[in-house]
Structure formats: structure tokens, C-alpha cells
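Asker: From these two lone chains plus the hints, build me the complex, please.
These protein sequence lines are chains G and X, in that order.
Numbered per our numbering, the first sequence spans residues 21 to 519.
Numbered per our numbering, the second sequence spans residues 57 to 790.
It should be emphasised that the hints constitute simulated quantities derived from the structure, not laboratory data.
Note that the structure is predicted; figures quoted are calculated from it, not measured.
Take every hint as true, because none was put in to throw you off.
Examples of chain X residues lying across from chain G (beta carbon under 8 Å, computed):
id	residue
1	Leu119
2	Cys120
3	Trp124
4	Ala252
5	Gln260
6	Ala281
7	Thr334
8	Glu342
9	Arg343
10	Val349
11	Ala350
12	Pro728
13	Asp729
Ideal Cβ positions, reconstructed from N, Cα and C, are used throughout, including at glycine.
Below are the chains, spelled out letter by letter.
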Amino acid sequence: MTRILVAGHGMAGSRFVQELRARDPEQQLDVTVFGAERDGAYNRVLLSSVLAGSLAPADVEMIPSAWYAAEDVDLRLGVSVESIDRGRQRVWTSQGEYIGYDHLVLATGSQPVVPDIDGILAGDELASGVAVFRTLQDCRDILDCLDGVHRAVVLGGGLLGVEAARGLAGRGVEVEVMHAVDRLMERQLDAEAGQILAGTLRSRHVQVRLDARARSVGEVAGQRVVVLDDGTYVAADLLIIACGVRPDTGLARAAGLDVDRGVVVDDQLTSVTDRRVHAIGECAQYGGETYGLVAPAWEQATVLADVLTGGGASYDGSRLVTRLKAADVDLAAMGETDPEDAVDAPADARQGGGAEVLRFADPARGVYQKIVIRDQRITGAIMLGGAETVGTVTQLFDRAGTVPADRRALIFPGIVDAVSAVDPAELGDTELVCRCNGVSAGDVRHACASGAATVADVAGCTRATTGCGSCRETVAALVATAASEQPDDPGLELVEVPA
Amino acid sequence: MQLIYRAGNTADVRGKRVPHTIATMPVETVETHCPYCALQCGMALDSQSQITPLDFPTNRGGLCQKGWTAAELLGSGQRLTTPLVRERRSASFRPVDWDTALEVVSRGMRAAQNDHGPDAVAVFGGGGLTNEKAYQLGKFARTVLRTSSIDYNGRYCMSSAAAAANRAFGIDRGLPFPVIDLAATGAVLLMGGNVAETMPPFMQHLLAVRDRGGALIVADPRRTATVEAATSHLALTPGTDLELALGLLHIAVVDGYVDHRYVADRTAGFDDVWRVATQWWPERVERVTGVPVASQRAAVRALAAGREGRGAVVLTARGAEQHGNGTDTVTGLINLSLALGLPGRPRSGYGCLTGQGNGQGGREHGQKADQLPGYRKIDDPLAREHVAAVWGVHPSALPGPGPSAYELIERIGTGDGPRSLLVHGSNLAVSSPRSGRVVERLGSLDQLVVCDPFMSETAALADVVLPVTQWAEEEGTVTNLEGRVLRRRRAASPPPGVRTDLEVLSGLAARLGHETGFPSDPRAIFDELRRASAGGVADYSGITWERIDTEGGVFWPCRSEHGPGQARLFADGFPTPDGRARFVAVDAGPAAEDVDDEYPVYLTTGRIAQHYQSGTQTRRVPVLAAAASEPRVEMHPDLATSSGVRDGERVRLVSRRGSASGTARVTASIRPDTVFMPFHWGGEQAVNRVTNPALDPTSRMPEFKVCAVRIERESVDVRPHDVRAEFAWEGEMS
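Next comes chain X alone, as it looks inside the complex (with noise of 0.2 Å):
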């Protein structure tokens, strides 16, 4: 155990005790931070495993369910323990040593490369692994395998909003300001994002603009827990997020609340974007989203009233950006930001809430299959030229932009696809859309490498599973939705037999041929990753760890070491060429699959406050497990009663890809024609079995939220997801 922090050593920004804690603090406690959400809370860790949430500018000393009951997972008797390997999938796992694990990964990655060349490995990251992992796959991919096959879960979560700011700012970091920024601002837009369920501690962000008299308007299909403290709803109908921005945008020019001056000395392109614009006025929008006229105009009012007063600020989550369209909706409400004269205003703009623990951190460092570290592209060949000077290797050896993750998926097992593939920190059988066939693709493998701390159902489907540290086991930073740098500490020791992913990547690194270059020590590459990023628009190069500690985060870019890290972004201009922000003319048309009369009902998917992405953790917290045990189907009474579904009753949804099954919750705060199930259930009960897999033609985003499905009575009660059958390798093992 290493004490970390003494009370008084640290600057004001730095995490304070919340006074409030009633339990006596052990001397052993390391400050840290969540290991589920952007938000990523401060807390404190002490050798009982007991938490205490920090008095941190996210969450300000508090917490939600997950958070509290982080630690749980750290005894865990679920956790594995020794890597296993099976010869065959319809055989049971065998446990073996370290050394043979990694030689059959590394046997089968050659074996693979050697008869389909070096694409024919692919590896999957996750946007939970920590920057110095993300970075350390994205090198092992492109230097020691080769490959060019290499995306990351982070496309089903960010990638739309982050192609949308790139092209609109020259950069895509989620949240241009600090988080106390938007506590202090008079009015906001949020599009697409439950964060009363999904990030709890954030919404008294949120609530404090609301009780000082702001704004706080939600888009969404349901009343959720964020709609019933909003101060306005804008109820739309599932996949018509854009029509219902351009439809606002429309509002801003024809009832005057442009920023003309803005708009002129700032930005470029707004002609074209008013003449798609021009084509939605409200009463059109209307008709479309199901949202009133009077709303919109509302809504356009309240932001044009928190521009004149403290700030106005456009947000999107999921819900606008996991669509088929995701890049250009949010390019829609970047564009009314930006008409608003928003973007660089203080305590305005517009801002993207990232999902994932280092949903953020975890999309600059490589391990996108379109780029190299410091969110630099691949395709660019001075980036290339750098990154391959930082690894020592000749910038023609590094391969070019490969598939994004859906794509790479279905091309396993087709002519040149992946035959072998390494995932860490990601469960891609649950997460993915149309996730019957990616269990099915996954089948067609020759081999199959998951690096996960528990028997996820991706692991289960493995040839080979390695068992890596988790979250307090581990050093490493993250970056938070903020775009602030923190250090995840290490609190307790992972039990024996586990490695850290790092380790495993070194590992297999020198059975591949590469002895040097691949250290296990999270610092040693968090300073590679800093020359890595050198100049490049997520630039780390100024952020050490000591600051780190020191300044409580520090946010990039941060060039020096001397200089501070840049909080607030856009001030006195944008990172484009001409330093203007680009307007992007986007329209609007049908979601992929609208219902008709096989499938008459929309189903839309996301998250609840119990759960955590797909489960492979939060599912095995026994109090979270309890209280959210399986997948409920939130459907409208009226619904309800047309489909003769009860209450309680168990019910399957089924769209043209698969079905699903989960328990029917009747409530009215769902429109009519819509239901929505949550996806952190793998087996029968993942709904990504359902969704589409219709991808963005700019991000390559799924729309998860949108699809046609029916609904169908189980008449036969069928067994709950039962976790045991996960572990059936216990058996071969004792």
C-alpha cells in the first residue's frame, strides 16, 4: 500500500474530504478516481476498500451506486485468477501458465500473419484502458504486428461527436471548459443524454443552472430522471435529432437571434448551412420530431436569453450521436451554437458528454483505427514521420488507416479478414450492434485473445483469456470528459496470478520479436505517450505526472512543462487553418429503418443508473445486481394494453436481426410508439441483438438509437440470464 497524498500537500483544485463522512479515515487511503464514467469522481480508497467520495470539481463529494460499490469488484470472487486456454471453442478452458498462454497467442498471431499477412491480426481496445494502455496497443499494433486492423469501443460511443467537433473547431475535446463552467452558465440545451441515471453527481451541474432561474432543456423520447428536473422537454420521436437542429437553428435566423458579428468575424460557411436550413422551418420540424412549435421557439429563446445573462451551452450525449446520422446531428447543434455565437463565449459553447471512463483519453492515442498519438491522422504523413520517430521505426513501416470496429468485425473470417483477434478492456459481444452476428463472426476466427479481469461474454467465447489487473490495481492516468488529465492510483494488490495489461502487451511484444520498446511501467510510457503527442492537437507533451499530482489534473493541450494546461478553449480563436470555426451544411433525412406494419414500434436503447456499458463489472457487484437484475422493456400503457403485454410480464423484442428478452416495465413517461430497453445484459437479454448495424457514413457510428422491432409475448417464462454458465470452466479447474 503507498500513501499517496497527506492532508495539506496539495493545491485548491486538488481533492478535499467531504466534511460530511462519518466513518473514521484508516491512514492508509489513496485518492483516486472512478473506475466507471467520464466524470470520473474523486474519491478516496483506503486499505478496507472503503470509499469516500472527494470534494472534486465533477462531482463535488458525490457519488452514485456504482461509484460506492466500486471497491467490491476488488475481492471479488468472481475475478480470474490464471490465464485459460481451450484447443477448440466446444471445449472447456484449461488453466496454464503465463508463459504458455503467451506462447499460444503469440504461436497463433504468427500463424496467422505468416499464411494472411499482417492484417490478418486485429485488435480491439476500449475506452476504459487507461492512456498509457491505449497508447501502448495502438504502438503494439502498428510496430509489432503490423496491422492495420486496430479500433476500439470508443466507435460506438464517441466517435460521431468527435468527428463532428473535429471538423467544426479542429479539435475534438469533449467539453470545452471546465465543468464548474456549466454550473455557471444561464441556460442549457441538452440533446440525447440521461445523466440523472448514467453520470448522477453530474446533475448538480446542471440543477445549480436550474435553480438560479437558467434554463435546463432536455431532448429526449422519454421523461427520464433528467427530463423531471428540466426546466423544458422536447419529447421527439426516436432518429429525427437533426431535423429537430435544424429545425432550431431555423428559429435562431427568422426570429432574430443570430450573432451576426460572431458569426462573421469567427466563423465560415454559414450561407450554405442556412440554405439547408432554410428548408425546416418549425412547423415542418414539427410534424417530423412531434416536437411543438412553441417548444423550439422556447427553447431557442431560453439559449438567445442565457447568451445575454450568464452563458448558454449546447450539449449532446448518445442519444443525438448514436445514429446513422450521429456525425451530422451533432454537426446540426454545433452549427446553432455556433449561429448563437456560443463556442468561446465564457461560459458557453458547445460541449459532448463523454461516455466511457477515459472515453476521451482513450480516442487520442492510436488506437483508432485512423490514427497515430496526440490525435494526430494516420494519413498524414507528418504525423507519420513524427510517431515513427518516437518509436524508432521508418514512417513507410507503419500501416495506413484500417476499418472501424464494426466493419472489422464483419470481416472476420471473409478473404483478407482478421483471423486472429486481441481484445482488452472491451466486451464487443454484448456492446456491438447486431450482436448475434458478431458472436457469429467471432466464431469464425482461428483464434480468439480476451484480456479482461472477468469471464465477460466476449471471454467466454475466447480461445484463449488472460486475466489482467482492474481499476486501484494499477497506476495509470486518464482523461475525463473535461479533457482533464488525472491519475488513477493504485489502492490494493491484484490477487496472484493476474498481469496488467500492460504486462501482457510486453509480454507478448518480446515473444514477437520485440524485446525493447515495450516496458511495462505506466510512467515510462505516459513519457513516451507526452513525446508521442509533442505538437499534435491532443498535445500532452507539458502534463507530468508530478503535475498531475500536484494540480489536481491538468488539461491539454499543455505544451510545457512550464506553461499551464489550456482549461477553457476558443477564447481567441479556433485550431483551423484560418483560425475560424467551419459551419458543415448538413440535412436531414429517414432513419435507417423506420416501423411499418411487420415491426410497428421504435425501439430505442441506453443506460441505467445501476449498470455500467455491458455489465462485466456492475453485474457482478451483488447490491447493483440486485437492484437491476435483468433488462426491463419500458413500454407506454397504451402500448401495453394494444400488444396485451402486463406489467412485469416477460416479453421479447424482435426486429429483422435477432430479438431480445427482458421484463415489460408499463410507464407512461415513454411515447406510445416507442420502447426502450438497456444494453448491460449479454446471452437472451443483450439488445444489441436487435439494434442496427447502419453505420455513419463519417464516423462509422451504429445507430443504436433507432430501429424498428415488435413486440411479442414469452409465453414460456424463461430462465433469467443465468451467470453461472459463464463459469463453467470452475468446474474443470477444482
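Chain G extracted, bound-state conformation (with noise of 0.2 Å):
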């Protein structure tokens, strides 16, 4: 029986079981996973609707134990791999034993950056008041210790730091976002963008301070304060950690495993290194890159399954669309958003010399959409403040779909094909006003004509209203136009109309 480790049960490793298992029904492969954190698995995307208090901690397990069971896949929860003995093909585990594999599969995931600032630890560990928000223990470890917090400090601008502040501005507590930089989220986001999110989240009650570098952590008269390169005290009860993540590459290192930012790995996901090693999620770099998002991990776990189980599939990386998970701050943000080589001229954008970028801002509602084309393709976006468009941009942006000949229509949607209302008075006698009944706006003027003086009256001679009825304010304000337009005249008689 081939015996697959998989060592980690985050996102990518729980994902890939499910996978595997799937392509597997009759349980062949013999399946062991393990997992550090002492919970199951939970969906590390919604730990911000728990921050926000939406979610309670049980709610984001997405695997019950009886899965497991079912699926006879050997669960090993609070355990971790140590070491991998590539010559043996076995792995060393924190419980202490060895066990053997045919594949073995990373999927570590990363760990949080936790910057280089006095007094942010104590010892090993971080200090009091200092939290880190990765796994749900982490978040269970801010959520005890709100009591007593008024002020938080999250530390970092980038996605996650958005996010844990806006789930943090949501308990109440009064949040200030530190960011190093001059703008919010930088790496997807341009200068202008990053100055109408920060505008949103001050209107959310989350404050926001740029360019502001920690130097230190420490306490003022019994108020623990980060204090900036400048000397600036900013008080902060709790200070969250936001600094990116790191992959968490140790074990694969230490195996002689080819590892750069992550373990570098074939369109396979087999490590370019052993053949019998895999690497997904987080942990893994392929073409150069690693990726921080849920989306590509799940997509390397659907493939690697079908890999292992003698399936066709391979892996060509993945397209990043960041999208910000707060009810109220509505951000996407897609491929290149800043483009140097943006044309001025209608004639460079046919011969694909640069970049097409279409841009509205409208800062006072928060909305800022920005598109870069080139080709004929969308390779970056941005969609801030409830684009309506936001889906259709997003899916054009994923399959490398053709862009609109209008551009409009990527930025406001209807306006190219918007029907402009029409006075029914001005409707042509040819047009159309029944659609179920095919009775034209001539039909009922010559309805009126023939006597009709109500909608009643046109319904009964030519049907018109009878259907879905939507048309009855239509036929009404012809039959206004056309008593307004004619006295009346007791002595014509009522007529039926051949419909």
C-alpha cells in the first residue's frame, strides 16, 4: 500500500487529503497527516470574522473528526514533523517515532515575521500584550485578552493587518493601523488607492498612521506605548503583529532539499531536489514565486492529488486576486496595478507598445477603480468601494478574457447598453409595449382610437397587459396621451380590434 505523510493540516495540507480522498474512493493509499496546532481544520480565511465577533472560534472548523475516521486517513493532531530522512524515506515526528513514507508532502505553511524592535519579545516568546494573528489560537489569545483593551495597535498595513483591524474596530476597541510605508498595502496597491482605503477605514473607526517606523515597545507609566524613529509615543494596550509571514522551510532545509524563498518545486509539485517529496501551500515556490493566499494552495492541493493518484494534471501557477474579507471595506486588487509604461496615445495601445489604464476615482465615496489592459487582456486591477463590476473585471482578469470594445463597461456597468426610458408618448407605432402579446404601441393607439378610454378597455381588444402585466403603466400613459388628445366623443362605439 503507498503510504503518503503529509506534514502540516492547514489550509493546503487538509485541502489535499480531501482531494486525495476524493480520487480515491476505495481507500488504497495509506494516509497519514500531521498537524501542529492542536485544532482540526479550521478556515484560516474567516479568523478575522472571528476577531470581528461574528464567528465564534467553533465555527470555522470546516473537517469534523468523523471525516477522518470515515476516510480512514490517520490524523495525528499537536504533532509535527522534526526531520526527514530523505536516504530511508521515513520522518522523525515530535511524538518520537519514525514512520516511513512512499510521498511525503509539505505543506507547512509559513510563519509570522516578527520584526527586530526592543522589547517586542520576552526571552523566546513574545512579550505580554504583544500578539502575533496567524493561527486560531492566536486569535483566541487576543479575544482573552481584550478585556481591559481599549486601544490596539496592529502593526503592519498589508492585507492581514487591514483585515485584523477592521475585525478588531468591529469589538470596539479603538485600533490604529502602523504601517512602515507611505501607503496602505503597497504591494497591491497604488499611491492614490492607498489614500482612499485610508480614508475608508478612518470612517470605520480604524486610524491609520504611515511612514511611522517602531522602535521600540515598552511601558509609560503603566501604559504599555510603541514608540516611532521619531520619538512618538503611541499608546497601545495590545499590539498585534502584522509583518507578513515567512515560509516555514526548516524541515526541507534541513534535508538537503533545493529551497529558496520556498521549496522549489516542478509543475508537478514535486520537489525539483527528491522525487518522493512534495511541497503546496505557502511552503512551496514554483516559477519563481511563493504564494500568501488561499486560492493557489487549494489549486496546488487539487493538483498534486491528481498527481498522486495517476491523474494528468500539472500545475502552471496560479493568478493572484487579493481581496480584502471586511463587510464594509470592499477591495480587490489584481496583477500589475502600477504600470510604468502606461500609453498616452490611442495609436500606442494598438500596437500593444504599453499598458491601457482606465482609472476613476471618486474619493468622497470611497470608490476607486483602476484597470490596466494590455493586449486586449486585463493584467491588473483595482476595484475599491463596491465596484459593481468587480466580479466581471475579476473573471476577465482569471481567464485572460478579451476586454469589452467599450471600456466603460468595465467600469460602469449598463451604460453602454442602457436603455435610455423613453416617454411612451414618444414611442414609434411599430415598437413593441406587449412583449408577451406582440401588441405595439401602435395597436394601442389605434385602440384608444377606436374608442378604448381605459387599460381595461385596450386589454380587452388587444390582449395588451394580459401576460406579465409589466407593461400596464406603459399602455396607461398611452391611453392618458390619447384622451388628452381627443374630446370626448360619447357616440363612437367600442370595436373589436383583430389582435
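Answerer: So this is what it looks like as C-alpha cells:
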């Protein structure tokens, strides 16, 4: 029986075993999963909702333990792989045993980066009142210490920091995001989008401090403070560190696998050093890229499950869409968002000389939309503030679809094909009024001229309005117009008009 | 001509004439219901074949163009009026008398069964057949032919919603309440339905919701006429309905709209459902479906707001159901409605908009492969015992479950597959997926027998065509989309030479050795149906034709002649063993066929206002045929440009399975990655030659609503579909 060991039970590892069993209904593969955390498979994406209080920690469980029993997957929680003996195809676990493998899947994820700031650590541990925001347990720890926290500082204005800040603000905590560079989410946003996002956050009771480099964490008169480079003291009952993550590759490195930022894998998600070792998720590096989002991790999990069950799938990299998950801050960013070769003449775009950039900004409403197009394809976009076209733009980016000829459709949905409201009086005689019964404006006018004085009369002789009824107002308007145009003539007989 | 009603002798619910009618009503008028969709609009039909809409609850005096013109078929010159037989498929039909025709059919059936066993004769029914016909067809198959091979076109229509409702609620009745409740609710989410075209008079109920300030949310890849009237449009990517449903449930949980008390007290299984939905956060759903997160959130918020006010309803139609995962998609939406605590609440719940005229009754009384009358399961020993007793046979004599519609067709001509096929009320050569293959399978039969009023595309392939009566020429009952049992009444004499479907079955049964048990009187059959359904889920035992007359229809279940039918379900519990509704955990996956470089465009199919189903009837109504003479292929201007197609040009859609041709209609009301083509036409114009027969694992519903195609311009302008070609036999007769 082929034995598969999975080191890591986060988003990638748990998805992988599900995908594996879906392709292995006879349970031919012997599968063991090690999860260093004590929690079962949970959805990390929802942790900001837990922080915000809209979900309880128990609500984010994804796979019940019954699934592992039913699927005969050996799940070992609280156990980690300590080392890999590639020569003997076995691992050494924190439980102190060797376990052999035919295939080893590294899904060890990443570790939060803790910046080198005085006072942030107490020994090897985070100092009291300092937390990272990575695991469900981190989340519980933060929630446990929220009592008595009036003011929290989130160190780091990337995606995770913004989500954490918004979550805490939802709890009624005064929150400040402290960011070392001049704009929020600088990897995804251009300067203007960063400014508008900061404005939106401020209106949601999240303060934003940019260009702020923390020098130390300490206490002044019983109040924990963050001290900035310029000497400013910022009060923080709680300091949450959201300074990015680093792929967790220690295990692979120690085993002599090719590791750059992540474990280097090929299009089969297989280590370029050892055919029996694979890596997926945040710890994997493909084509020079490591990915810190769940979508690529799940794509990789699916491909590897297919590969290890004899399928023909291969991985070709992922298109990244960064989507802020906060109920009232709607932001999507993807691809290149600040191209340096934007064209400024129609001819240039046609010749493929540079990037076409569409931009619409409405700072007062917190709206900013920017779309980068090359060769009729969207190569990047920022959609901030609830753009109605966000789904369309994301799908065009994802699928490399051709952009609409009229680019306005990407920013203002409906504007291109909007049917301007026509005054019924202006309708041409041949224009359809009642789609259900094929009655034109002319038919209605003829009915009125023949004596129909109400909508019911018109319905009686033309059948207009008797279908779905949505033309009733138009017919009423036509009847009213007709009535105003001709004086009452009681001498006219009501005549049936052939339909 | 019979006069059924006189003014003033009826209860309130019963049809009242609409005051705006201008034509003078002749004395001899029959109140009946439209021959077409499941709305079963009330109408009066007079001896001059004039139609007057009635103030019946479903249509309130409205009618669509199909309904207004329904009587035109009564005097149609295209009626079949004599049985037709031919010796081989390449020969022309020749007219024969009924005795000869029935003898040919019964001989063919006997020969097939002698050589290959009982299952060698198959039966294919339809959701337009009356309850009496559907019942009798099932009984004929099980007791005369003793074949397990019987299914019907409702498999292509209602099966996914039926399977999902059964496993969630323990019952499958399209709407759990009368339509008047719908009009009074506060919010409606309609997933995949274009009722403004498919059942126009139904729109007034939805418009009533909107006009009172309620929400009308429509999910559809197209901006349809229904969407135009809606307050919100979820323009999803074809084939991503379940992802959207899971996302809406996710939002209901995270945004705090779940009715926890209801979930705890009245349901089971929520935790497993949530574990799946937890993986469909709205941002992920947006990427898959294309529906913005904000729109998803607003939809759930509107449903929750409706619930706090007048009520909220989740509806599905074929757009959500006709998928390889249609059952799971409907389940996903039922899960949403249960999480919000809707089913059983006043003016609230989940409902399915049944399509065919008797799509409800037709799925209850035994023409379905796995079913016996009263919505009983054919593999349930108690059900077999009960029905066998009514039929006067031993339970062991009843065959077991048979193959589903498309599988039945696929088996034709294979080792133990059918050799002879009897078709009632269906044009499967047009309505089945991958219909080119279906036509080929039908060609390998030893004998194809088709009963139809007209020479349908399927009849044109047959060895024997039996001309039968149509609507208004016969009596019977149908059950509308509300679960209300209605009477269709005879208002005109059939042309000489035609027989009712019931007479055909009676004649065949007699020739196959069953002199009794197959009366042709629909009323006698209904009384037997009542007994057969007694104690079943769809219990009709308390319903009589007299009650239908006096009460304006009777809702099932109705277990006693002295008690009312149950108009509203679930107020006190669900008909499951423990009285709780079931959450069933379902997950989404990709459609059976995605677009690629060779077939880069999604195709979705559906219906238009002028035509009904395969068009056998409506294409023969001149005013409808003139209004929509051929299928239009809707495409976005950008797609038209990139495909080099001009509006009005003839194009061909090509898939891995076949091609179909239609006229390009360039419109911005459709997504640029998708084309739409209606399925009402046959031959080269049959879009089902293109569609994908990937079947739902539970309901066996084919994936009509999404497949991958490419668009080709037709260099040579082909001739429009020539209806006359189907009538080549006429020359032979004269």
C-alpha cells in the first residue's frame, strides 16, 4: 500500500487529503497527516470574522473528525514532523517515532515575521500584550486578552493587518494601523488607492498612521506604548503584529532539498531535488513565486492529489486576486496595478506599445477603480469601494478574457447598453409595448382611437397587459395621452380589433 | 358540447369571468385550464373556440399569447386523423384503420418480449399528460408489459427539484403554498427562471411583491425580461449556481441572519452543511460566479428583511436545476431557506416553479422509473403491496426500478436494451440532450410507436403513429404548480378518426390479454388513482371531480372526502420520520464541460415567450410561428465582433456532440462569454443536438444549462426548417 505522509494540516494540507480521498474512493492509499496545531482543520480565511465577533472559534471548523475516521485518514493533531530522512524515506516526529513514506507532502505553511524591535520579545516568547495573528489559537489568545483593551495597534498595513484592524474595530476597540511605508497594502495598491483605503478605514473607526517606523515597545506610567523612530509615543494596550509571513522551510532545508524562499517544486508540485517529496501551499515555490493566499494553495492541493493518484494534471502558476475580507471595506486587487509604461495615445495601445490604464476615482464615496489592459487582456486592477463590475473584472483577469470594446463597461455596468427611458408618447407605432402578446404602441393607439378609454378596454381588444402585466404603466400612459389629445366623443362605438 | 357551469353556482375561489371582456359570451361555454405550462391559467372556451381568461388564482384574468391562441390547434389542418404505419423507416407512412394499427403494435411488443424479455419494451411518457393518463401508463407498463423500462420527459424538467425536496422535506410539491401567498410575501429570490417569458401571468405575483416595496432578486446569466422587472440581478456564470447558493448560506451565517431557534427546533444536519459552506466565503464565490460580494450580501440581507416582515421565499426553476449537479444545487438553496427559517413560516419557504402543464401530477403517479402512484417508491415493499392490491396482482409481479430517461434511450439497441418503444406525450427527439445521438438510438429500435395529435419530430421517426386527442377534446385532471388538482374539461369534439391516449392503452391492453383493468373513462381511472394513492405522500384519496368543481380545485395531500386539501405545508412539521427538515451537505465542483480554446463559449438553453417545450403545438399556431419562426442565438456585441458575426446572420453552434443553427441576435443583455439558444425547434435548429448529457448522479437530470461551444458563421444560407418535410406522408394518402 502506498504510504502518503502530509506534514501540515492547514488550508493546503487539509484540502489535499480531501482531494486525495475524492480521487481514491477505495482508500487504496495509506494517508497520515500531521498537524502541529491542536485544532482540527479550520478555515484560516475566516479568522478576521472570529476577531470581529461574527463567528465563534468553533464555527470555523471545516472538516469534522468523523470525516477522518470514515475516510481512514490517520490525523495526528499536535504532532509535527521534526526531521526528514530522505535516504530511508522516513520522518522523525515530535512524538518520537520514525514513520516511513512513499510520498511526503510538505504543507508546512509559513510563520509570521516578527520584526526586530526592542521589547517585542521577552526571551523567546512574545512580550505580554503583544500578539501575532496567524492561527486560531492566536485568535483565541487575542480575544482572551481583549478585556481591558481600549486601544490596540496593528503593526503592519498589509492585507492581514487591515483585516485584523477592521475585525477589532468591530468589537468596539479603538484601533490604529501602523505602517512603515507611505501607503497601505503597497504591494497591491497604487498611491491613490492607498489613500482612499485609508480614508475608508478612518471612517470605519480605524486610525491609520503611515511612514511610521516602530523603534521599541515599552511602558510609560503603566501604559504600554509603541515608540516610533521620531520619538512619538503611541499608546497600545494590545499590539498585534501583522508584518507578513515567511515560508516555513526549515524542515526541507535541513533535509537538503532545494529551497529558495520556498521549497522549489516543478509543475507536478514535486521537489526538484527528490521525486518523493512534494510541497504545496505557502511553503512551496513554483516558477520563482511563493503564494500567500488560499486560492493557489487549493489549486496546488488539487493538482498534487491528481498527480499522486495517477492523473495528468499539472500546475502552471496561479493568478492572484487579493480580496479584502471585511464586510464594509470592499477591495479587490490583482496583477500589476502601477505599470510604468502606461500609454497616452490611442496608437500606442493599438500597437501593443504599453499598458492601457482605465481609472475612475470618487474619493468622497471611497471609490477607486483602476484597470490595466495589455493586448486586450486585463493584467491588473484595483477595485475599491464596492465596484459593481468587480466580478466581471476578476473573471476577465482570471480567464485572460478579451476586454469589452467599449471599456466603460468595465467600470460603469449598464452604461453602454442602458436603455434610456422613453416617454411612452414618443414611442413609434411599430415599437412593442406588450412583449407577451406582441402588441405595439400603434395597436394601442388604434384601440384608443376606436374608443378604448381605459387600460381594461385596451386589454380587451388588444390583449396588451394580460400576460406578465409589466407593460401596464406604458399602456396607461398611452391611454392618457390619447385621452388628452381627443375630446370625449360618446358617439364612438367600442369595436373589437383583431389581435 | 357540455355546459359545465352556470354563473353563480360556484365558490369564491372558482373562476370568475374577467369584467373587461368585450366579446359577448355565447351560452355554451366550458371553463377549463390552458393546455400549456404548470400555471394552468383558468380560461373559458366557447363553442366558437373563443378563449376568455378567468379570474383564477394563478392567472387572475391574465393570459399569455400561447394561452390566447391555444384553441387554434383545435381546428388545425395539421392534425393527424388516422393511424399511420410503415414497414421500414425508409418507406412512407400509409394510413391504416385502428384495428390494424393496434395489431401491429401489440404484435411488435409481443415479438420483442418473446425474444428479449419484458424489459425489451419500453415506455416514454410526458409531463403534459393528465393524471389519469400518467397513472394508466404506469399501470400498463408494470402490469401488462411488466417492464421496468418506463420513464418520462419530466426527468429533463422536474427531477432535480423533486429529488432535493424529497430528501429535505420528505415531500415534493412544487410550491408549498398557494400563489396568492407568494404575491403577499416580502422578498423573493428566483434562481434561474425567466417567468416573464415562460409563464407571463405568474409575473403579476412577483410584481406585487416588488410594487409593495419588497425585494425581487433574480439570478440568471442573462438580463431577461424577468430580470428587467427585478430589484436586483445576480448575473452568474453559467454552471455556478451551487457555488452561489453556498456563498449565500455562508453570508447568512457570518452576517448573523440564521434563525438559530428554528434550526435547533425544526431541522437536522446544519453543522455538516456549515462545514462545507465555511469554505465558500463570498470573495471566493465572487471569483467563481462573477457575482459581486456586495450583491450577494444584499440578497441575503433582503431575504432576512423579508422574513422579519411579510415573509421571504426562495424559488428555483430550470436554470438552477438542469445541471449535472442540479439536485445538489436545489439542496443548496433549500439549505439557505432552512437556515433562514423560512419553510413553514407564513408566506415563506422554498418552492420550485414546475414547468410542464401537469409537471406536478405527472411526477406523482407512476410514469417515473422508480415510482408507484401516490409518490410511492417502487422499491418499498409496503408501497408495492398497496399498489399491487389495487391492481389485483401479486407484489412480486411488479417490476423494480428501471433506467432514467436518457439512460433508457442510451440502452436502446444494446444487448438487453429496449427493442420497442411506446411514446405518449413527448417529443424526445427534440427535448433530449445530445439529440443527434437520441435520433440514432431511436433508429435502432425494432419498433417505435408514437401517440401524438401532430406529426412531431419523434413521430416522424416512428414505425407506427397513433393520432390522439388533445386538450379540450377530452376530460381529465391535472395538478398545477401549487399542488392544486384541477379539471381539464372537454369543450370540443375531436376530429373523426382520433382516439384518446386512454383508449389506445385500453385497446393495447386488451390485445395483450388484459380485457379488464384498463377502462378508457378518465373518471373511473381517477377513482382508481385515488385508491392507489391513498396513504402515499401525494394522497389524492379525498379528492373527487365534484369537489374540484365546487371548490375550484383541491390541494393534495387530501386524505378524506370530508376534510380539506392541504393548501399550505410544513406549518406544523415536515413529513419526515422525526418531523424535522433535513439539511443535506453538498459541495460544488466545476461543470461537466468547461470552455477551452476549441470550444471557447458557454451555451445555455431555455425557452421563449411564443413557444412551449419542443414546439410540437406552438410551432403550428400561425401567430406564434410568425412571431418566432426560428431559434435566435443571443450573443453579446463583443462576442459577435470577435466572432465576426452580424446581427441577423445565420450562425451555427458547434459542440463535441453536434451542431445547431439559428439566427444571431446581438444583445447586450447576455454575458460576453455566453450564448443563449431556445430549444423549441427540431432538425438542424435543435439546440439539444449540442447539449451535454452529463447526468446528475441523484436525479439523472441532464446538464442542459451549460456546455462549451464555438460559434461558426454559416457561409451558405441554409433553408429555414421546413415543416412540410415532416408531412411527406400526406402525399401518400391523397
